[in-house]
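Peer 1: Those protein sequences? They're chains V and H, same order as listed. According to the numbering used here, the first sequence is numbered sequentially starting from 1. According to the numbering used here, the second sequence is numbered sequentially starting from 1.
Don't take each hint at face value.
Derived Cβ-Cβ restraints for the label pairs, each shown as a range [as the list claims (entries may be wrong)]:
{"hint": "1", "chain 1": "V", "residue 1": "D162", "chain 2": "H", "residue 2": "K159", "range": "28 to 36 angstroms"}
{"hint": "2", "chain 1": "H", "residue 1": "W66", "chain 2": "V", "residue 2": "E159", "range": "33 to 41 angstroms"}
{"hint": "3", "chain 1": "V", "residue 1": "N216", "chain 2": "H", "residue 2": "Q259", "range": "39 to 47 angstroms"}
Source of the hints: derived by calculation from the structure; they are not laboratory data. Here a beta-carbon is modelled for each residue, glycine too, at the ideal position from N, C-alpha and C.
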Amino acid sequence: MSSRTFVALCFLPLAIFTLAFLALPLVRLILASGEGEAGWGVYLEILQKPRYLSTLIQTVVISVLVTIAALAVSTTAGLFLVRNRFPGRGTLLSILTLPLAFPGVVVGFMIILLGGRQGLINQITPGHVVFAYSAFGLFLGYLYFSIPRVLLTVMAAAEKIDPALEEAALTLGASPYRIVCDVLLPALMPAMIAAGAIAFATAMGAFGTAFTLATNIDVLPMVIYTEFTLAANIAMASALSVILGLVTWAMLLIARSFAGGTVAAGG
Amino acid sequence: MLKSPAKILQLAVTLIACAFLLVPTLQSVLAGVTVNYFQGVKSGLTLKWIWEVWDLYAASIFLSIWLAFCCLICTLIIGVPAAYGLARNPGRMSRVLEEFISLPLAIPGLALALALLQVYGSVQGFRAHWSFILVGHVLYTLPFMVRAVLSVMAAIDLKTLEEGAASLGAPAWRRFIDIAVPNALPGVLAGSLTVVTLSIGEFNLTWMLHTPFLKTLPVGLADSYASMRLEIASAYTLVFFIMIVPLLMAMQWASARAQRILK
Chain V
1 MSSRTFVALC
11 FLPLAIFTLA
21 FLALPLVRLI
31 LASGEGEAGW
41 GVYLEILQKP
51 RYLSTLIQTV
61 VISVLVTIAA
71 LAVSTTAGLF
81 LVRNRFPGRG
91 TLLSILTLPL
101 AFPGVVVGFM
111 IILLGGRQGL
121 INQITPGHVV
131 FAYSAFGLFL
141 GYLYFSIPRV
151 LLTVMAAAEK
161 IDPALEEAAL
171 TLGASPYRIV
181 CDVLLPALMP
191 AMIAAGAIAF
201 ATAMGAFGTA
211 FTLATNIDVL
221 PMVIYTEFTL
231 AANIAMASAL
241 SVILGLVTWA
251 MLLIARSFAG
261 GTVAAGG
Chain H
1 MLKSPAKILQ
11 LAVTLIACAF
21 LLVPTLQSVL
31 AGVTVNYFQG
41 VKSGLTLKWI
51 WEVWDLYAAS
61 IFLSIWLAFC
71 CLICTLIIGV
81 PAAYGLARNP
91 GRMSRVLEEF
101 ISLPLAIPGL
111 ALALALLQVY
121 GSVQGFRAHW
131 SFILVGHVLY
141 TLPFMVRAVL
151 SVMAAIDLKT
161 LEEGAASLGA
171 PAWRRFIDIA
181 VPNALPGVLA
191 GSLTVVTLSI
201 GEFNLTWMLH
211 TPFLKTLPVG
221 LADSYASMRL
231 EIASAYTLVF
241 FIMIVPLLMA
251 MQWASARAQR
261 ILK
């Protein structure tokens with residue numbers, strides 16, 4: 001057997017598996033979206049029916065807000081952890097990356113423990129403070145799993161910034177505020193765009209967290225789920241899935257072009 | 001260290017973020033071993049809830065471990081040779097192929113599950129079998145295995161090593177088994193731990209693919225959050241933490257080790 005035949009054989013298991021379980025199902029999904037009563041007009045219907053349009057807008061708004069919040073928190077914490085060495089730093093870093101392995105449902109449960117009926121906030125504050133099942137609870141849940149992903153990307157970039165740049169700015173008399181705006185943020189910008197795109201894509205597609213928390217909120221994954229299981233509207237569920245998949249895929253392509261490597265999506 | 005107000009603000013943000021992530025985790029650990037969570041710790045500590053979780057959900061815990069093990073075997077069989085093939089043929093086609101098999105990272109699990117269900121949902125013997133869930137898990141974890149192995153194989157000088165072996169008369173398959181795989185072991189280890197960790201925690205695909213008789217650990221978690229008292233849900237989450245946290249730490253250690261070896 002020649003070397004070339006052997007290398008070709010190496011691709012055989014992969015080819016069989018991806019053709020059968022990735023390529024074929026994805027083609028089927030796209031075709032199925034056009035097999036409803038409306039045909040391919042189903043995509044037009046999404047923009048025309050208020051229920052679907054408001055779901056789309058709501059999902060994008062929550063995802064944008066989560067992305068901004070996660071970038072703000074993780075960039076601040078990430079820069080602090082990269083620039084300072086102190087006892088307990090490793091522990092803080094472990095805590096901040098711990099949720100990477102949590103499935104979305106567990107993240108949802110964490111928010112219920114904070115803001116549910118038996119939650120911490122309701123117990124320590126006077127009055128009745130329950131926010132776990134509101135849009136704010138969903139926002140906190142998405143933020144919970146976004147912080148570690150953004151943090152890792154930003155920290156990896158921050159470690160590569162040459163400290164000499166900052167020192168040069170200092171000797172030229174720049175204030176700490178100007179150093180952040182003129183030196184650090186521009187150097188971190190590609191990583192922040194990449195991390196932001198990852199956070200946005202993950203929040204758009206988060207099913208587990210929404211499944212636990214969004215009983216009254218229409219976000220895209222929940223609407224896809226109910227269209228498929230309850231309404232049995234397979235064409236609409238497929239069309240919404242195709243749109244969701246295209247958006248998250250485009251986002252991760254952006255992320256990849258700004259900084260190599262992606263952190264596992266999930267949620 | 002805390003010279004300026006800016007530093008203090010940064011520290012405050014870091015600590016608040018840590019508290020936000022850690023406090024509910026500790027609450028769930030505590031609630032899982034408290035007699036009555038609503039009355040607090042003063043009602044006493046107990047392992048009763050953990051035993052109850054064991055009675056209720058032992059089958060789903062074992063199913064998850066079994067699936068993770070099978071998923072590891074499948075990703076090794078499919079992923080390691082594929083990574084070798086990609087490393088041997090770097091170029092445009094390989095990039096496209098890598099991008100394609102990475103699609104399950106970009107497309108939400110829910111959409112992938114819908115796609116799988118529409119093709120194989122009506123194949124009775126397959127739909128209700130655990131291997132249907134396994135397919136979802138392999139689909140989702142395979143890109144991690146391929147990338148982990150490929151990054152190591154691309155960094156070592158595979159070409160020179162193989163030429164040496166070939167000049168000594170080693171055929172292609174021996175060079176793969178005796179040269180490529182042993183040199184890529186740090187990547188294989190990092191990839192394997194990632195695959196197992198992700199498979200045990202996978203929910204988005206699994207929820208759509210599972211049947212009432214095949215509940216994995218995270219599916220059981222969702223079930224307990226919806227229908228069990230808070231102490232049992234917490235105890236079950238605690239069991240999950242005990243399984244996943246060591247795996248996560250091992251995975252981060254192995255990935256850092258693979259990176260170090262590359263430098």
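Peer 1: Determine for every hint whether it applies to the structure shown.
Peer 2: Evaluated hints:
no.	hint	verdict
1	V:D162 <-> H:K159: 28 to 36 angstroms	33 angstroms, holds
2	H:W66 <-> V:E159: 33 to 41 angstroms	40 angstroms, holds
3	V:N216 <-> H:Q259: 39 to 47 angstroms	44 angstroms, holds
Checked against the numbered hints given earlier, the structure satisfies every one of them.
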